[in-house]
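Enquirer: Work out the full structure: start from the sequences and follow the hints.
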Amino acid sequence: MAPVLLIFIKNPRLGAVKTRLARTVGNAEALRIYRFLLEKTRQAAHETAAARWLFYSDALEENDGWPAADFCKFVQTGDDLGARMANAFQRAFEAGAHRALIIGSDCPALSGPLLEEAFDRLNATDFVLGPTPDGGYYLLGMQAPEPSIFQGIDWSTETVREKTLEKIRAAGKTISLLPELADIDTEDDWRRYLQSSHPSL
3 MAPVLLIFIK NPRLGAVKTR LARTVGNAEA LRIYRFLLEK TRQAAHETAA
53 ARWLFYSDAL EENDGWPAAD FCKFVQTGDD LGARMANAFQ RAFEAGAHRA
103 LIIGSDCPAL SGPLLEEAFD RLNATDFVLG PTPDGGYYLL GMQAPEPSIF
153 QGIDWSTETV REKTLEKIRA AGKTISLLPE LADIDTEDDW RRYLQSSHPS
203 L
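Here my numbering is used: the first residue of the sequence shown is 3, the next is one more, and so on.
What the hints contain is simulated information worked out from the structure, not anything from laboratory work. Careful: at least some of the hints might be erroneous.
What the hints assert, rightly or not - Listed next, the in silico PhoX-like pairs over lysine-lysine satisfying Cα-Cα at most 20 Å (straight line): (1) 75 - 12; (2) 12 - 42; (3) 175 - 165; (4) 42 - 75.
From a predicted model like this one, the values you see are computed outputs, not experimental measurements.
Expert: Written as structure tokens, this is what we have:
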């Protein structure tokens, strides 16, 4: 089957998204920004030839801008982020995928060509990872399931990427790193993104 792009999003509800951002800009503005990030993610996903699997945090939604004709829809399952990602990858590989990528919805600079590059790199390496400046990653891809890399990780900390890379190497696997891209978690992140996108502002 075609490679699979796994997309993790939160159901866009007031007070439930971008909580760190909301501390300084308020819940309504955080939701507006999150909807903008969702649109950027959707645009990038549409630019890849992969099968697109969308995983909501809480419940399936319809008529929300993610048409069922373009996105197979699921709900995330698992006790923590690592388990939810491992379960999504497992589902893709059980369906016959030989390459799969997972992304979130926090990285507005992510593009279709970069997703295609990530899939291409999986033809020659076991894993591909897109790092973020805060010690995490905006993309992770693999050729085959390896649930151990999601275990024992302190999620939402600056050690996520380092620990993940350690686990990949400990498993004897190869990895390719993509260019570093920033994600949006705080008001400072958002302002930096606006400045980089619109330097005249």
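Enquirer: With reference to the structure, classify each hint as holding or not holding.
Expert: Status of each hint after checking the structure:
1. 75 - 12: holds, 13 Å
2. 12 - 42: Holds, at about 14 Å.
3. 175 - 165: With Cα atoms ~14 Å apart, residue 175 and residue 165 stay inside 20 Å; holds.
4. 42 - 75: Holds: residue 42 and residue 75 sit about 18 Å apart, inside 20 Å.
Every hint from the earlier list agrees with this structure, and none is contradicted.
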